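S.K.: Sequences listed follow chains A and L, in order.
Here my numbering = 1-based position in the first sequence + 28.
Here my numbering = 1-based position in the second sequence + 28.
Check before you lean on any hint, since a few could be wrong.
Identical chains blur together in the list; that is why a pair holds if it fits in one copy or across any two.
[Said to hold, decoys possible] Derived DSSO-like pairs: lysine-lysine, alpha-carbon spacing no greater than 30 Å straight-line: (1) Lys224 <-> Lys169; (2) Lys113 <-> Lys276; (3) Lys232 <-> Lys75; (4) Lys305 <-> Lys82; (5) Lys113 <-> Lys305.
Derived from the structure by calculation, the hints contain no laboratory data.
Please read these numbers as outputs of a predicted model, since none were measured by experiment.
Chain residues, written in single-letter form:
2 protein chains.
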Amino acid sequence: MSLKLSILGCHSATPRSFAYPTSQFLEINGDYFLIDCGEGTQLQLRKNKIKFSKIKHIFISHLHGDHFFGLIGLISTFSLLSRDKELHIYAPKGIKKIIEIQLQLTYSWLSYPLKFHELENKESELIFENERVTVHTIPLKHRIYTNGFLFREKPKERRINIEEVRKHPEIETCDYHNLKKGKDYTFSNGDILSNKEVTFDPPKPLSYAFCSDTAYYPDIVTQIKNIDLLYHESTFLEDRAELAKTTKHSTALQAAKIAEMAQVKKLLLGHFSSRYKDEDLFLKEARTIFKEVKLSHEGDVISIENS
Amino acid sequence: MSLKLSILGCHSATPRSFAYPTSQFLEINGDYFLIDCGEGTQLQLRKNKIKFSKIKHIFISHLHGDHFFGLIGLISTFSLLSRDKELHIYAPKGIKKIIEIQLQLTYSWLSYPLKFHELENKESELIFENERVTVHTIPLKHRIYTNGFLFREKPKERRINIEEVRKHPEIETCDYHNLKKGKDYTFSNGDILSNKEVTFDPPKPLSYAFCSDTAYYPDIVTQIKNIDLLYHESTFLEDRAELAKTTKHSTALQAAKIAEMAQVKKLLLGHFSSRYKDEDLFLKEARTIFKEVKLSHEGDVISIENS
């Protein structure tokens with residue numbers, strides 16, 4: 029089980045010389061996901077040496093420009109590079125019209141199938157699933173319809189304890205299939221061998237939640253309980269708690285409160301407002317409540333492994 | 029008279045780690061113009077320390093993404109920064125729909141008036157004029173409707189030769205107005221004083237033409253004859269002359285031919301394809317025909333003064 033998160037951009041909307049708006053690239057259990065796609069994301073992917081061909085699923089939290097203005101460029105570039113694989117976009121209703129009108133008015137024909145999955149449900153829903161991973165929306169509280177995303181590895185099978193299993197000559201290799209699934213073994217004489225005696229626990233599945241943009245919103249706590257990594261926006265510090273409230277953003281302290289309530293293993297802060305020159309202040313403020321906190325920086329890679 | 033051109037991006041569409049698509053900022057005779065606005069232009073403006081408030085007129089050559097995908101981001105950022113001055117966009121028909129649908133679906137209300145001047149004329153036309161500068165379109169030959177832009181300083185008034193004029197006590201300060209306009213002076217006895225005896229020529233007006241994207245298209249030569257600076261795309265070298273022809277781009281040699289025929293003072297090449305690792309080859313190829321040639325690089329500033 030492994031999770032690797034690359035930070036491509038982690039700043040709020042107003043541009044600075046060397047800061048990019050939101051975008052992340054997640055590698056989880058062998059699958060790849062792009063989360064948000066602010067202006068300049070394609071350049072950041074290049075800088076971070078992430079192959080374009082790995083991107084098959086793009087999740088957009090909400091239709092504010094700093095979270096999706098880089099999408100049309102990426103979609104176009106894929107076509108210039110003669111991509112043929114399907115690309116799936118999961119984003120609030122409206123995205124299809126925005127992209128399609130641009131393709132139409134620029135006389136662009138894509139070299140690959142582009143599939144839109146438009147979101148409008150206000151309850152959490154399963155929006156992606158394969159044999160290895162699930163992705164659920166996390167409804168957030170912002171000025172417009174916004175979802176966070178919860179990525180969870182699926183549990184792997186139990187692992188055979190070869191040394192123990194060999195002590196029972198009656199058990200054959202073809203029985204391993206049931207043992208891996210956690211079933212007990214019934215001998216021909218009717219005796220039962222407890223599964224745990226001949227298998228090891230599988231590695232614990234990892235989980236990651238992306239929560240941006242959002243006001244302080246404790247409703248999300250149940251959904252992200254005990255996850256391994258939480259990215260929570262912290263546009264402001266407590267000195268601007270009122271502004272956070274009116275613009276429906278969070279402070280570093282509020283992000284830390286959510287992390288503490290949800291008992292997550294690690295908190296990652298981001299979406300910093302340009303008004304703060306010293307970003308270490310976000311770290312200090314959050315640490316007053318929650319210790320395992322880290323700031324995002326463009327180019328950072330956060331890796332978690334469970335073996 | 030002065031002209032200062034800042035290169036914000038000068039590469040063709042496929043992204044590289046440290047290369048930006050087309051955008052230029054032109055300062056001419058005290059006026060400011062942004063030409064094309066590829067993705068990342070707002071970041072490049074910041075890096076080049078160009079104040080956003082200077083931008084009142086944006087010219088878009090054509091609706092291929094590498095020339096305008098940065099426009100929606102810039103328009104939005106201006107609003108986030110509470111701009112109140114009008115912004116004028118001169119671009120092919122379709123731009124209004126593209127921008128307005130994004131503003132509408134992102135629930136954005138601009139803090140300033142946004143005025144579109146949609147272009148569809150296939151003949152050259154005057155699209156901007158004030159007391160100091162004119163801007164004409166230069167119809168180009170590309171896969172879709174495309175205009176270059178010709179920026180010309182208006183001639184300044186003649187300058188009074190104080191030493192000479194004082195030799196004629198009858199001429200008063202209030203007569204200077206007519207002398208500056210080039211009129212001869214008629215003494216009270218009917219004698220005529222030739223204007224040239226008491227004035228200097230004004231500095232020669234400067235001119236700049238932006239021609240991208242375009243196939244080799246000698247029709248433009250008449251319009252750009254003798255200008256001070258020509259930016260002409262050179263996506264390819266002659267080794268890809270066939271590809272240039274089918275994609276309606278130019279080679280460095282073709283750009284040089286245009287410069288030679290138009291007898292421009294200086295040629296600036298750009299819009300380089302990512303297939304060429306050594307950009308000096310563009311310079312070498314163009315120099316076989318035209319000596320006064322320069323390559324664009326992001327961050328370059330080209331200044332011309334006539335005093």
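S.K.: Each hint needs a verdict: does it hold in this structure or not?
M.R.: Comparing the hints with the structure gives:
1. Lys224 <-> Lys169: neither (44 Å within a copy, 74 Å between copies)
2. Lys113 <-> Lys276: between (38 Å within a copy, 28 Å between copies)
3. Lys232 <-> Lys75: neither (32 Å within a copy, 45 Å between copies)
4. Lys305 <-> Lys82: between (35 Å within a copy, 25 Å between copies)
5. Lys113 <-> Lys305: Between copies, since 28 Å is at most 30 Å while 42 Å is not.
Checked against the numbered hints above, the structure violates hints 1 and 3; every other hint is satisfied.
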